[in-house]
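As they're listed, the protein sequences go chains A and B.
With the first letter of the first sequence counted as 1, position 368 gets the number 367 in numbering that gives the first Met the number 0; the numbers rise by one all the way through.
With the first letter of the second sequence counted as 1, position 262 gets the number 261 in numbering that gives the first Met the number 0; the numbers rise by one all the way through.
Certain hints may be false.
To be verified - Here are the in silico distance ranges between beta carbons for each label pair:
id : chain 1 : residue 1 : chain 2 : residue 2 : range
1  : A       : P344      : B       : I34       : 56 to 62 Å
2  : A       : R203      : B       : S216      : 32 to 38 Å
3  : A       : P404      : B       : V45       : 37 to 43 Å
4  : A       : P207      : B       : A313      : 33 to 39 Å
To be verified - Computed cross-link-like contacts, DSSO-like style, restricted to lysine-lysine with a CA-CA straight-line distance of at most 30 Å:
id : chain 1 : residue 1 : chain 2 : residue 2
5  : B       : K94       : A       : K399
6  : A       : K407      : A       : K45
7  : A       : K119      : B       : K94
8  : B       : K94       : A       : K407
9  : B       : K94       : A       : K138
10 : A       : K197      : A       : K371
11 : A       : K319      : A       : K407
12 : A       : K372      : A       : K197
13 : A       : K372      : B       : K94
Hints are computed from structural coordinates only; laboratory data are not their basis.
Heads up, the beta-carbon is just placed ideally off N, CA and C, and yes, glycines get one too.
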Amino acid sequence: MNVTRRELIAAAAQAAVAASVPLRRAGAQAPVIRFGVLNDLSGPYKDIGGPLSAAATRLAISDFGAAAKGMTVEILTADHQNKPDVGAGIARQWFDRDGVDVILDVPNSGVALAVAGVAKEKNKVFLPSNPGTSDLTGKLCNANTIHWAYDTWMLAHATGSALVRNGGNAWYFITADYAFGHALQRDTSEFVTGAGGKVLGAARYPFPGTSDFSGFLLQAQSSGANVVAFANAGADTINSIKQAKEFGLKQTLAGLLVFISDVHSMGLETAQGLVISSSFYWDLNDRTRAFSQRLWAMAPNVRAGMGQAGCYSAALAYLKVAQAMGVAAAKQDGAATVARMKAMPIDDDCFGTGTIREDGRKIHPAYLFQVKKPAESRQPWDYYTLRATIPADEAFRPLKDGGCPLVKS
Amino acid sequence: MRGASVSDTSGITRRSGLRALAFGFTGAQATALIILVAAIILGPAVLYPVFLMKVLCFALFASAFNLLPGYVGLLSFGHAAYFGMGSYLAAWTAKYWGIDAEIAILIGGAAAGALGLVFGWLAIRRQGIYFAMITLALAEMVYFFCTEASFTGGEDGIQQVPRARLLGMFSMQADMSLYWLVAFVFLVGFLLIHRIIHSPFGLVLQAIRENEPRAVSLGYRVDQYKLLAFVLSAALAGIAGATKSQVFGIATLTDVHSSMSGEVVLITLIGGIGTVFGPAVGALLFGALETYLAPFGDWVTVTQGAIFVACVLAFRRGLIGELAARLRLSL
Chain A
0 MNVTRRELIA
10 AAAQAAVAAS
20 VPLRRAGAQA
30 PVIRFGVLND
40 LSGPYKDIGG
50 PLSAAATRLA
60 ISDFGAAAKG
70 MTVEILTADH
80 QNKPDVGAGI
90 ARQWFDRDGV
100 DVILDVPNSG
110 VALAVAGVAK
120 EKNKVFLPSN
130 PGTSDLTGKL
140 CNANTIHWAY
150 DTWMLAHATG
160 SALVRNGGNA
170 WYFITADYAF
180 GHALQRDTSE
190 FVTGAGGKVL
200 GAARYPFPGT
210 SDFSGFLLQA
220 QSSGANVVAF
230 ANAGADTINS
240 IKQAKEFGLK
250 QTLAGLLVFI
260 SDVHSMGLET
270 AQGLVISSSF
280 YWDLNDRTRA
290 FSQRLWAMAP
300 NVRAGMGQAG
310 CYSAALAYLK
320 VAQAMGVAAA
330 KQDGAATVAR
340 MKAMPIDDDC
350 FGTGTIREDG
360 RKIHPAYLFQ
370 VKKPAESRQP
380 WDYYTLRATI
390 PADEAFRPLK
400 DGGCPLVKS
Chain B
0 MRGASVSDTS
10 GITRRSGLRA
20 LAFGFTGAQA
30 TALIILVAAI
40 ILGPAVLYPV
50 FLMKVLCFAL
60 FASAFNLLPG
70 YVGLLSFGHA
80 AYFGMGSYLA
90 AWTAKYWGID
100 AEIAILIGGA
110 AAGALGLVFG
120 WLAIRRQGIY
130 FAMITLALAE
140 MVYFFCTEAS
150 FTGGEDGIQQ
160 VPRARLLGMF
170 SMQADMSLYW
180 LVAFVFLVGF
190 LLIHRIIHSP
200 FGLVLQAIRE
210 NEPRAVSLGY
220 RVDQYKLLAF
230 VLSAALAGIA
240 GATKSQVFGI
250 ATLTDVHSSM
260 SGEVVLITLI
270 GGIGTVFGPA
280 VGALLFGALE
290 TYLAPFGDWV
300 TVTQGAIFVA
310 CVLAFRRGLI
320 GELAARLRLS
330 L
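Next comes chain A alone, as it looks inside the complex (with noise of 0.2 Å):
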């Protein structure tokens, strides 16, 4: 067969056109609801958000009866692989193209910041629950953002000092040595100081990199401290707590961003005596334990963690509001339905009764738990003792602290 060059390089062209025509959807017909789950399906934060996320919205869209209720509501997910542009780049595309009113999860705060942005420019909505970054809510808020389950002022105020009033009184820090890490130790430290305890000292170790917390840890043992906190994330957390064990190191343990699926992998043998912040808990009470049950349903063998029952209760939420305003009419205009849901109490099985507030903080109690001994565990993820509880009205950032636009003071 004879080809020319011409013609070859035509019939590439053409057929490069052609493949790309159907990955374009088409836009929305009827008033369909449509939730864009965003989140790391291959990498660290996989078990923080993944796949469970997803369910836990596929629940929330049962619970509340959609189809019964005559509304269609669909879910889209995606792998924002922990890169800002990528995450950006799907929510861009989501809104523009797909119809995705929603977007929820986002573990990774960077990511989240960005799609925030996004969604303010498109007037869609986000409701994050698995970020920690308390700017989300600070100086980057926005009106089409609520911030649920959690962020590190949250987990910092209640480890800090919910410890102190437990008699935790000395503490020392093993710091990951970035702005994060660096963050985490000095709220930490201020509500430990502001409970009545004292810092001894903090050790900052090179991150990222670091995978021997031997000479950090000896210094935490020989410091005198009572409490040592991991001021860390992810796999730093658990190699730190996994060498603290095999050091032997008799103070109290106490995690500032660890989340159940942690505990799960390092196992109750390393993780016990641990202490840890949480807003969620799926054995904590009736209501928890009802969703649990029928996460399980669709979800075997994994509990879910507070960033996954944050998708449950803000899917629900939104849903709610939706029916209120009409479809369209909350798929027409993202800040009008988020200021819809500020003005409306929140209750759900997994937070309880709440509030979201003006700078868009989803307002619950967070709790103190204790990681259980092996021998107390009577059941597969049965891993906490409830130590203390923090009121709603106490768990969160002051209002007028976060430098919210939004607020007007």
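Position chain B relative to chain A; hints supplied.
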């Protein structure tokens, strides 16, 4: 790398009627350029413009990177440093000084070029693996600097940078107006790179690649040529990063991370090292994989890996490199 360069010499010797064009395109290259420009113009009608803008930024980044391994024979493993620095400085100046888009992009490029001057001055003293390791080590230092420095916002990055205006009067809020700016930046950068490669300067670079001692014996100050190529490559990488920060309104650690340095090597490898059009095609393929596989979760990385393995095994010269070799053309 040697294999990838087979077609270049034919491109230099080939004389075609269209060669008269100012930029020294051969007939085949002129055709490919027309296809490229047509694709840029028609692309937004088919594909999502923001996606295309990202592809164009990566295409410019990869084309700039390609200048070193493709035409000087220096494999840099630290190009994320220049891309990221350009991105950070453009985002920071646009956000806090409120300057225009074109100034922000130029500042990003200038900063990356200055960084390239320092790093290049150190790195070109060594060759091969040692050169690669020095660039990698310096880029890691930049990464640590960006993690620690306060102006970068640590792991949150510089966020919510408003889209700056162009020349003080044109709003870039609409995706399509920004698209034309990005397309313009890409095309200018691309033509500049093409011109560099096909200038007497570029021919000396290729001579250095083929046989450095002989280039020295002919009286060329090889280090100066290498350094200039390094600075040009870094500055253009910075411009690509700065443009990307304008598109997404963010600059984050992803841009300076070593995986970004790896990605640009892969993009160039898929497209074809030492081809003018290869990096652009590689960027399109890589961007499409990253974006359109996103809904499949775990399978993103697996599929990317499989495609890279397939490319390395079946298309050792890259897509465009193989095509050019098959058609006996220089693309």
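Hinted pair K94/B and K407/A, Cα distance within 30 Å: It holds: about 24 Å lies between the C-alpha atoms, which stays within 30 Å.
Proposed proximity, K94/B with K119/A (alpha carbon, max 30 Å): Given pair K119/A, K94/B holds - Cα atoms ~17 Å apart, limit 30 Å.
Pair hint K407/A and K45/A, alpha-carbon separation not exceeding 30 Å: violated (38 Å)
Restraint status (C-alpha distance of K94/B to K399/A at most 30 Å): With a Cα-Cα distance of about 25 Å, the restraint between K94/B and K399/A holds, given a limit of 30 Å.
Cβ separation of P404/A and V45/B, checked against the hinted range 37 to 43 Å: Given a distance of about 39 Å, which is inside 37 to 43 Å, the answer is holds.
R203/A versus S216/B beta-carbon gap, inside 32 to 38 Å or not: violated (53 Å)
33 to 39 Å as the expected CB spacing between A313/B and P207/A, which holds or is violated: holds (35 Å)
Hint consistency between K319/A and K407/A [alpha-carbon to alpha-carbon, up to 30 Å]: holds (28 Å)
Pair hint K94/B and K138/A, alpha-carbon separation not exceeding 30 Å: Cα-Cα ~14 Å, so holds.
Holds or violated: K372/A to K94/B, with C-alpha atoms at most 30 Å apart: violated (51 Å)
30 Å Cα cutoff - pair K197/A, K371/A: holds (27 Å)
56 to 62 Å as the expected CB spacing between I34/B and P344/A, which holds or is violated: holds (60 Å)
Comparing the model with each numbered hint stated earlier shows that hints 2, 6 and 13 do not hold.
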